[in-house]
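Number of protein chains: 2
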Amino acid sequence: MNENNRPVLAVVGATGAVGTVMRDVLSTREDVWGEIRLVASARSAGRRLTVRGEEIEVRELSPEVFDGVDIAMFDVPDEVSAEWAPVAVERGAVVVDNSGAYRMDPDVPLVVPEVNARAVRQRPKGVIANANCTTLSMIVALGALHAEYGLTALRASSYQAASGAGQEGVDTLHDQLNKVAGNRELGTHPGDIRRVVGAELGPFPAPLALNVVPWAGSLKDDGWSSEELKIRNEARKILELPDLRVSATCVRVPVVTTHSVAMHVTFEREVNAVRASEILRDAPGVVLYDDPARGEFPTPADVVGTDPTWVGRVRRDLDDPRALELFVCGDNLRKGAALNTAQIAELVAAELSA
Amino acid sequence: MNENNRPVLAVVGATGAVGTVMRDVLSTREDVWGEIRLVASARSAGRRLTVRGEEIEVRELSPEVFDGVDIAMFDVPDEVSAEWAPVAVERGAVVVDNSGAYRMDPDVPLVVPEVNARAVRQRPKGVIANANCTTLSMIVALGALHAEYGLTALRASSYQAASGAGQEGVDTLHDQLNKVAGNRELGTHPGDIRRVVGAELGPFPAPLALNVVPWAGSLKDDGWSSEELKIRNEARKILELPDLRVSATCVRVPVVTTHSVAMHVTFEREVNAVRASEILRDAPGVVLYDDPARGEFPTPADVVGTDPTWVGRVRRDLDDPRALELFVCGDNLRKGAALNTAQIAELVAAELSA
Ligand SMILES: NC(=O)c1ccc[n+]([C@@H]2O[C@H](COP(=O)([O-])OP(=O)(O)OC[C@H]3O[C@@H](n4cnc5c(N)ncnc54)[C@H](OP(=O)(O)O)[C@@H]3O)[C@@H](O)[C@H]2O)c1
Ligand SMILES: NC(=O)c1ccc[n+]([C@@H]2O[C@H](COP(=O)([O-])OP(=O)(O)OC[C@H]3O[C@@H](n4cnc5c(N)ncnc54)[C@H](OP(=O)(O)O)[C@@H]3O)[C@@H](O)[C@H]2O)c1
Numbered sequence: 001m002n003e004n005n006r007p008v009l010a011v012v013g014a015t016g017a018v019g020t021v022m023r024d025v026l027s028t029r030e031d032v033w034g035e036i037r038l039v040a041s042a043r044s045a046g047r048r049l050t051v052r053g054e055e056i057e058v059r060e061l062s063p064e065v066f067d068g069v070d071i072a073m074f075d076v077p078d079e080v081s082a083e084w085a086p087v088a089v090e091r092g093a094v095v096v097d098n099s100g101a102y103r104m105d106p107d108v109p110l111v112v113p114e115v116n117a118r119a120v121r122q123r124p125k126g127v128i129a130n131a132n133c134t135t136l137s138m139i140v141a142l143g144a145l146h147a148e149y150g151l152t153a154l155r156a157s158s159y160q161a162a163s164g165a166g167q168e169g170v171d172t173l174h175d176q177l178n179k180v181a182g183n184r185e186l187g188t189h190p191g192d193i194r195r196v197v198g199a200e201l202g203p204f205p206a207p208l209a210l211n212v213v214p215w216a217g218s219l220k221d222d223g224w225s226s227e228e229l230k231i232r233n234e235a236r237k238i239l240e241l242p243d244l245r246v247s248a249t250c251v252r253v254p255v256v257t258t259h260s261v262a263m264h265v266t267f268e269r270e271v272n273a274v275r276a277s278e279i280l281r282d283a284p285g286v287v288l289y290d291d292p293a294r295g296e297f298p299t300p301a302d303v304v305g306t307d308p309t310w311v312g313r314v315r316r317d318l319d320d321p322r323a324l325e326l327f328v329c330g331d332n333l334r335k336g337a338a339l340n341t342a343q344i345a346e347l348v349a350a351e352l353s354a
Numbered sequence: 001m002n003e004n005n006r007p008v009l010a011v012v013g014a015t016g017a018v019g020t021v022m023r024d025v026l027s028t029r030e031d032v033w034g035e036i037r038l039v040a041s042a043r044s045a046g047r048r049l050t051v052r053g054e055e056i057e058v059r060e061l062s063p064e065v066f067d068g069v070d071i072a073m074f075d076v077p078d079e080v081s082a083e084w085a086p087v088a089v090e091r092g093a094v095v096v097d098n099s100g101a102y103r104m105d106p107d108v109p110l111v112v113p114e115v116n117a118r119a120v121r122q123r124p125k126g127v128i129a130n131a132n133c134t135t136l137s138m139i140v141a142l143g144a145l146h147a148e149y150g151l152t153a154l155r156a157s158s159y160q161a162a163s164g165a166g167q168e169g170v171d172t173l174h175d176q177l178n179k180v181a182g183n184r185e186l187g188t189h190p191g192d193i194r195r196v197v198g199a200e201l202g203p204f205p206a207p208l209a210l211n212v213v214p215w216a217g218s219l220k221d222d223g224w225s226s227e228e229l230k231i232r233n234e235a236r237k238i239l240e241l242p243d244l245r246v247s248a249t250c251v252r253v254p255v256v257t258t259h260s261v262a263m264h265v266t267f268e269r270e271v272n273a274v275r276a277s278e279i280l281r282d283a284p285g286v287v288l289y290d291d292p293a294r295g296e297f298p299t300p301a302d303v304v305g306t307d308p309t310w311v312g313r314v315r316r317d318l319d320d321p322r323a324l325e326l327f328v329c330g331d332n333l334r335k336g337a338a339l340n341t342a343q344i345a346e347l348v349a350a351e352l353s354a
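Chains A and B, in that order, give the protein sequences. By the UniProt record's numbering, the letter at position 347 of the first sequence is numbered 347, and the numbering carries on one by one without gaps. By the UniProt record's numbering, the letter at position 323 of the second sequence is numbered 323, and the numbering carries on one by one without gaps.
Worth flagging that the hints you see were computed from the coordinates, not collected in a lab. A virtual CB, placed ideally from N, CA and C, is assigned to each residue, including glycine. Careful, some of the hints might be misleading.
Below, computed lysine to aspartate or glutamate pairings styled on DMTMM-like, alpha-carbon distance capped at 20 Å [to be verified]:
| # | chain 1 | residue 1 | chain 2 | residue 2 |
| --- | --- | --- | --- | --- |
| 1 | B | K220 | A | D319 |
| 2 | A | K179 | B | E185 |
| 3 | B | K220 | B | D307 |
Facing chain A, a subset of chain B residues (Cβ under 10 Å, in silico) [claimed, not checked]:
| # | residue |
| --- | --- |
| 4 | R123 |
| 5 | K179 |
| 6 | R275 |
Hey, can you work out the whole structure from these sequences and the hints?
Here's what the structure looks like:
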């Protein structure tokens, strides 16, 4: 704690896609922090980055950077979190981890403050996990509907942005756009986009410009991708519904930031679209934007850079009175990563300062 | 008929997005036609366009262009088909219509040759309808699975290409790409893409470059779009399953041509992914491309310009042994429009020549 009883925060991975947005989030939300330390790899040590209007020198990740730190946010790859979160805990910090390393650990709570804030206090390992960005893009809206109607099944098809694959994903998409723009013949013959884009596919398994790619993450059993199973496992854990029926198809689209998800959701009770819309409109962290007659439905271009989960296209299934169809958008770097992490960290900060 | 017993064909709308691909399809498939007449509006009359290697002058739509015509393909807006198809029939032609004007008419068969070829002969009005491009992108694969397992429900989320909105859609996407390319700040702040793209949205209700837009078609009851209801109504009619449970969310993506659909399909009987994949692999008009370990799944960039429906990501639902999850791609201008029309016309040509 600083002398003014404010917790000391470390941001590990401050230079990445999530870390960059985290610095913005920390600079614009109500400031509850004492000192903020920025940490990354040796590659970035010494760079000066801005947070809360102050320039701060990036420090190389080491055990000592955690000395005196109350809360450490980890916005780094899985294996870096797996190795270094225990080090931070040992030095006395509570870790809020954005990677996939701890999410399904039974001793680590997986927290979305609008849905299960109280889970934050059960953290036997001193680590709290932040959900995957695709899960986070929809879970706040789902949680609100679940509280009213009782969720039984979720079918989700995603439209995931390039930045979900980190800064390299963003750079790859922009590079490819530069190559395809201005060529009006493209997108007509098989393989012409591959030829123009060339071998530089970055983190994606196929060209992303002028294309959609039905793959994200790594291959798991029976043809499922890791990203699809994350949605299933994380939704079950956050909603405390271990038997929830979930199937997802994750697809990458040529959008820079903001994931969208088309959802078909089934409930225990009958639903109606008007009441469901009221629930969504009143839910904290949700914006209902749903008037197609006036051209109102969420799109990534409008949602990017904002905090809430935006929901539109709310319709009751035409055959099943217990099912809803909806379309949601959420900024994968804000609510999908940095914002949710900041919200969790603020809950812990309030607890520590109390 | 020409003297050599070959039917005379008119292509109405020969200058449009579908008409352009139709000329290519007619130039590359086995040639069963006598004379081919190209027809469009007064705007295009006199233009010289190529089909089967011959240059032909475009004629203005009039009753007389149908004199001596055996089969007339209509690749024009709904209202033009509604007005002019009866004229062509009266002059003795069988009409194969690509518009939405006749699809749900009980006296007009809705034909996908791989699924219901025999329906072509019941045409009391002399008109045969071609299905909507989104329906056509998936129905051949669905039909093959239905024959084996008995379809009970379809949940579909589409990733629809710009050319589904005609040549204006393609031009709009290319124009917008030119404006956004090279600007690496874009896609980070709300509204920045709208600002750069400006007011020229073409046939789309929001910017399409670096965005996805959960809307296609016009507004129907209870918030459904016409495009979503077409999938429902046309799938039911083609598969002769009037009570099939269908719900769809249609989303436009920044792809030039080739629609993709993520499908969650439920059957009467238990399914297994290996057998389902064999059925798809052996189905006429379907290519199974499904080996994620080797980076094999269909994407629009690879599928565009090809004839079949490409299927990948075949997985059995993890909770429901009677459900499959899959991802399909089909060229919306080929199988989704021109190719299917040509296949229907060839069935009629064979009948007339017999
Ligand atoms: N992008 C999203 O939408 C999203 C959403 C939710 C969760 N996440 C998760 O958040 C984490 C970060 O993702 P990102 O998208 O921000 O990735 P990114 O853009 O690739 O950034 C990675 C960050 O980790 C740092 N780093 C890498 N290796 C390191 C090491 N050995 N020691 C110290 N720092 C190291 C990098 O620092 P240098 O600059 O020094 O290399 C950089 O700051 C990942 O676990 C990701 O799965 C991402
Ligand atoms: N695009 C697809 O993926 C797709 C798929 C399946 C079905 N369809 C349907 O196919 C039809 C054509 O679509 P498209 O995408 O090719 O549209 P498009 O690119 O806008 O082309 C429209 C065509 O119709 C002609 N036309 C318009 N008004 C006319 C009139 N009053 N008299 C004579 N010709 C007229 C145009 O000729 P001018 O050049 O003279 O204006 C042009 O050839 C539509 O009904 C559409 O719904 C489209």
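Item to check | Evaluation of the interface hint that places B/K179 against chain A, nearest CB under 10 Å | outcome: holds (9 Å)
Item to check | Proposed proximity, B/D307 with B/K220 (alpha carbon, max 20 Å) | outcome: violated (32 Å)
Checklist entry - Any CB of chain A closer than 10 Å to the CB of B/R275? => result violated (14 Å)
Checklist entry - Is it true that the CA of B/K220 sits at most 20 Å from the CA of A/D319? => result Holds, at roughly 16 Å.
Checklist entry - Are the Cα positions of A/K179 and B/E185 separated by 20 Å at most? => result holds (17 Å)
Next on the checklist: Does the closest beta carbon of chain A sit nearer than 10 Å to the beta carbon of B/R123?
Outcome noted: It is violated, given that the least Cβ distance between B/R123 and chain A is near 29 Å, above 10 Å.
Hints 3, 4 and 6 from the list above are not met by this structure, while the remaining hints are.
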